[in-house]
Structures are given as C-alpha cells and as structure tokens.
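A.B. asks: Read off the chains here:
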Amino acid sequence: MKANDETSIKEAVGLPETPTLPEYHRFSPWRVLAITTNTLIELAWQKVFYVLLIFALVLIGSSVFMTRFTFQQEFQILKDVSLGAMSIFTSVLAIVATARLIPQDMEDRTLYTILAKPVPRYEYVLGKLLGVLLLLAISIAVMAILFTAILYFREQSLLDETWRQMRSGPPGQVDDALNAIRAAGLNNDIFIGVAVIFLKASLLAALTLLVSTFATTNIFTIVVMVFVYFIAHLQPIAREYWLQQPHVGLITRGFLALITLIFPDLQAFNLIDDIVAGVAIPMAIFTKTVLLGIFYVAIYTLAAIFVFYGKEL
Amino acid sequence: MTRVLIALATLIVFGVLKLPAERSLAQEHRESRLADVDLNLNLREQIGQIGFVAVLSGFRGMLADFLFIQAHAAWERTEWGRVLFLFQQVTALQPHVPLFWDMAAWHMAWNASAAAMNDPSQPRLALRMKAQREYFAIGRDFLERGIKNNPDNPKLYESLARLYREKYNDHARASEFFRKAADCPGAPIYDKRFSAYELSYCEGWEPQAYIQLRRLYDEGEKERLPTLIVRLKYLETKLNVPKEQRIPEH
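Quick mapping for you: the protein sequence lines, in order, are chains A and B.
Residue numbers for the first sequence follow the numbering used here, beginning at 1 and rising by one.
Residue numbers for the second sequence follow the numbering used here, beginning at 1 and rising by one.
Keep in mind that a hint or two might mislead.
Partner residues are not named here, just some residues of chain A that face chain B (Cβ under 7 angstroms, in silico) [unchecked claim]:
#1 Ala195
#2 His233
#3 Ile262
Simulated crosslink set (EDC-like; lysine to aspartate or glutamate; CA at most 16 angstroms straight-line) [unchecked claim]:
#4 Lys18(B) x Asp176(A)
#5 Lys288(A) x Glu22(B)
#6 Lys288(A) x Glu31(B)
#7 Lys192(B) x Glu176(B)
#8 Lys311(A) x Glu107(A)
#9 Lys167(B) x Glu134(B)
#10 Lys192(B) x Asp176(A)
#11 Lys222(B) x Asp176(A)
#12 Lys288(A) x Glu176(B)
#13 Lys222(B) x Glu107(A)
Simulated restraints, written as ranges between beta carbons of each label pair [unchecked claim]:
#14 Ala44(A) x Val4(B): 27 to 37 angstroms
#15 Ile145(A) x Gln49(B): 51 to 61 angstroms
#16 Arg23(B) x Ala116(A): 38 to 48 angstroms
#17 Thr10(B) x Glu312(A): 56 to 66 angstroms
It should be emphasised that the hints constitute simulated quantities derived from the structure, not laboratory data.
Backbone N, C-alpha and C fix where the C-beta goes; we use that ideal spot for every residue, glycine too.
When you get a sec, could you build the whole thing from the sequences and use the hints?
C.D. replies: So this is what it looks like as structure tokens:
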C-alpha cells in the first residue's frame, strides 16, 4: 500500500495523524550547551567561588601598596603576586568545583532527571566539564583585567612622573629611563602566562572529573586531587630518573614508570616565574605546551566518560 | 571496577604516547633556560621543607618575593647576616631576575660594607677594613653569578663596573665591564661613554681612551657632555695633541 492511500484511508475512517517524534541526534551541541549553562549558573551560586575570587582580587589589589620599593621591585612583586594568585585560585577552583559536580547531582537527583531524557552520558560529562571551564575562563578574565589595569595605570603614572622630572635632561637619558619603565611594566608575555594558567586549571578540572567518576564523595576526590597535584609536579623528576637510571630495582622502576605514564607533567605549565623574570617564551614552546595541555584534557575527559558509562547510578 | 582498570590501562598506553612530547618540551625548556633552577639538597636546606614544596608546586616566584620582602625588612633593621642569607635564597630561587642579584650586591658591597667599616663594636681599624673588603667580595660574587645567569643583561655589568670603580678603584676593570654592558642588546647609550671615561683614568691607556672619547665627541652635540669635554681636554694636554687637532673651547 502506498503512503498516500494510507493517509486517505485514515482520513476516511477519521483516525488522527500518527504523532511523529522529533528527530534524535546522537550528538547535540544544544544539549551540551544546556548542561554547560546550567552547570555554570549552579557553580556561580556557590559561596566558595566568591570567597576564592574575592581573596584573589584582594591579593592582586594589595600589590599596589608597594610604594617603598623601586619601580622595578614594585612591578616584579605585582606580577609575581598577581599571577601566583591567579594560579592558586584557578587550580583550587578547578579541583573544588569539579569534585562536587557529579556527587551533588546524584544527591539532588538531578542526574537521574537528566539521564532519564534522551541525553547520552558523554554529553552530560562534556557539558559538566565545559561548565567548569567556562567558569574558570570568566574568573581568570576578571582577574587578568584587574591585574592588567593596575599594571597599566601604575606604568603610565610612572612614565608621566619620570617625564616631568627628566624632560629638561638629555634626550638619550630620558629615553633610557622611559624604556626601563616600559621594559619592567606590561608586556605580551604576561598574556601567555595567563593562557598557560588557564590551561593548567583546565587539565586539573578534567583530571578531577575522572577521579570523581569513580569516587563516592567529593571530599575523597579533593584529597586525591591534592596528592595528584603534588605528584604531577614531581612527575618530570620521576620521568628522568626512570629513563636515565637503568640500574635501579625493578619495583622502583615500575613505580616510577607508573607515575610517569599516568600523571601529567605539571611543571611544563609553570612558565609564569620565568615570564615575570623577563625570559622570553619562544612561540614553539608555547604552542607545544598548549597542544600538550589539550591532549591531556582530551585523554582525561575520554577516560572520565568511559568510567562514567559503567557507573551504577 | 573493570572499567576503572581498563581506563587505567588506556592512560598508560596514552602515557607512552605522550612521553616523547613531554621529554622534548622539557629539553626545549632547558635550552631556553626556562625553569632553570637546580632543585638540589642545598636549596632544600636553604628554604626549608615548606618552601621546597612551594617551589615544586610552581610558586617559586611568589616565594622569592616573600623572601625578598623579608630581606628588605632585615635591611631596615641592619641585620646584615640575615640580609645575606635571604638574598642567597632569593637568587637561588629566581636566578633569571637581574634585579635580585643587583639588590643583593648593592646591600652587601655598599650598605653592609659601610656598616662594617663604621662598626662601633670593633675598635681595630684593620679588622673593620677586613670585614669591609669581605662584603665587597660578596657583592662582587653576587654580580658575577648574576651575569653568569643573565649574560645579556646590561644592568649587572654596569653594577659590576661601578663596584670596581667605587670600591676597588680599578678603572681598567670598570671600563671593561661598562664596555661589556654597552655590547648587550638594549643597553643604555651612556655605557659606551662611561667605558671611555673610565679608560681615561687608566695609566698607560690614555691613547686608546683619547681615540674613544674623540670618536664620541665627533658623533655630534648630544655626546658633547661636560664630563666628556673635561676628560678629552685633560687627555689632549697629557698626550700633547697638536693645537689644530684639539677640540674648541666650550
């Protein structure tokens, strides 16, 4: 029977049209976006986020009161403290915010409501991770804007002051003095530092998500992640020892190999000390660091999705 | 549990894949002198366990600043031993910040040395002078190590030149280091001039100093500064330069 005949028979006997279900997509960016937005709003309501953010902003702002130092010292401390505060804040936030995502959703029963709908588990995990990454990006942008503004206005006021004091001097000396202030002030490498801080926080978020997929409580996840944080900073030492000391015992070698292969190399993301010191970061190193960071995030997210698929809810 | 073990095995497989990338990046870091800090037991003893953990966690710069502020406070209290101890830690943590080397050298060679020379608790002049020279040497050592870690920074060469000029009265070495400063990228224009001034004070180097100063003078009005003219006139007299070749009276 043709489709047209079937329609005409249905019309003749007065049957209603068969309701058609909306087309189901195996992957929908809109569903992921909905979970991302929801996660972001949920996290933004948490008090811990504001406490940490205010603490970081106060720390950055307090660097202004360094007037008893010379301008080089002042800029050095301002950059170190501000970038350090950003690094601490984003790392802590990445771990604390991500650790509570899945346990909290299970406790609130939100997880069951979402997964009862045609939402694949990988979309749920992806949406949750992107929500945290968005929160981290917003926080780091707020801190970077404050830090850049403080540094820029301080640099400008020093340039004006120096110009006023030295304008009658020889032009060469005035240029040297102004260039010294500019060299110590704001430069493009600082933004490379901010990008690397974000990348490190993203990596920690992905790793925390992986741990939280098999952890039973968020406290357990946070404690594990604190240890992971320190071990991952020691990973390059373990790696070099494993690869360069062939005479150590089998158990030691196996242990070192496990640390090297499972944990990320967080030292690769510690570029801010050198950026503040004025060491130029070659673009090749920055690009490789970004690629390595993306690789880590992708692998840990995939592993988190895999484990989450087997999780009994 | 099986899934966790499979995930772990997958991470190990990917770990093998990431290994060459990690090693290559670490090698490039070393070549670019990034994270160029020797994390040895000596540093561990200097900064304590918590400090060492902070360094390993990526807060080396913040810790160095904290110690630098402590050193500043110790300087205000004129605790020279503590200033030295703290600056040794600061420079070990941040060897690529020329400012820290420079400040350490300045505190030792200028402030601590002056305090040692005027130490009321030491009545013997010979011992006060000995202590003063020891502080000069510590200051010089800071600058030499700073230069080793930051070979392209003109500021440290300048400071070493000043140290030789003002503390050792060694104009030949002062001239040498001002010249090295002038050769650095982005060096201030006065370094070349200062090198020539210092050379003009060295016995036996007057002809070379005259050539350098005359070359600067010929560059134009901007180089014809009072000190340059005074030194040039002194050398013209000393070297018996013919009148027609001398610079005009200013």
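A.B. asks: Take the hints in turn and mark each one as holding or not.
C.D. replies: Hints and how they fare:
1. Checking Ala195(A) against chain B by beta carbon gives a least distance of about 15 angstroms; that is not within 7 angstroms, so the hint is violated.
2. The interface hint given for His233(A) is met, as the beta carbon of that residue sits about 5 angstroms from the closest beta carbon of chain B, less than 7 angstroms.
3. Given hint, Ile262(A) at the interface with chain B, holds; its Cβ is 5 angstroms from that chain's nearest Cβ, closer than 7 angstroms.
4. Between Lys18(B) and Asp176(A) the alpha-carbon distance is near 46 angstroms, which puts this suggested pair outside the 16 angstroms criterion.
5. Restraint check: the Cα-Cα separation between Lys288(A) and Glu22(B) comes to about 9 angstroms, which is no more than 16 angstroms; the hinted pair holds.
6. In summary, the hint linking Lys288(A) to Glu31(B) is supported, as the alpha carbons are separated by about 15 angstroms, within the 16 angstroms threshold.
7. At roughly 10 angstroms between alpha-carbon atoms, Lys192(B) and Glu176(B) fall within 16 angstroms of each other, so this suggested pair holds.
8. For the hint linking Lys311(A) to Glu107(A), the alpha-carbon distance of about 15 angstroms falls within 16 angstroms, and the restraint holds.
9. Taking the CA atoms of Lys167(B) and Glu134(B), the gap is near 12 angstroms; set against the 16 angstroms cutoff, the hint holds.
10. Only pairs whose Cα atoms come within 16 angstroms are accepted, and Lys192(B) paired with Asp176(A) is accepted, the gap being roughly 14 angstroms.
11. For the suggested pair Lys222(B) and Asp176(A), the alpha carbons sit about 14 angstroms apart, so the restraint of at most 16 angstroms is met.
12. A C-alpha spacing of about 41 angstroms is found between Lys288(A) and Glu176(B), which places the hinted pair above 16 angstroms, so the restraint is violated.
13. Between Lys222(B) and Glu107(A) the CA atoms are separated by roughly 77 angstroms; this puts the pair beyond 16 angstroms, and the hint is violated.
14. With their beta carbons about 32 angstroms apart, Ala44(A) and Val4(B) fall inside the hinted range of 27 to 37 angstroms.
15. Checked against the hint of 51 to 61 angstroms, the pair Ile145(A) and Gln49(B) fails, with Cβ atoms roughly 37 angstroms apart.
16. Checking the proposed 38 to 48 angstroms range against Arg23(B) and Ala116(A) shows it holds: the Cβ atoms sit about 47 angstroms from each other.
17. Between Thr10(B) and Glu312(A), the C-beta spacing of about 21 angstroms breaks the proposed range 56 to 66 angstroms.
Checked against the numbered hints above, the structure violates hints 1, 4, 12, 13, 15 and 17; every other hint is satisfied.
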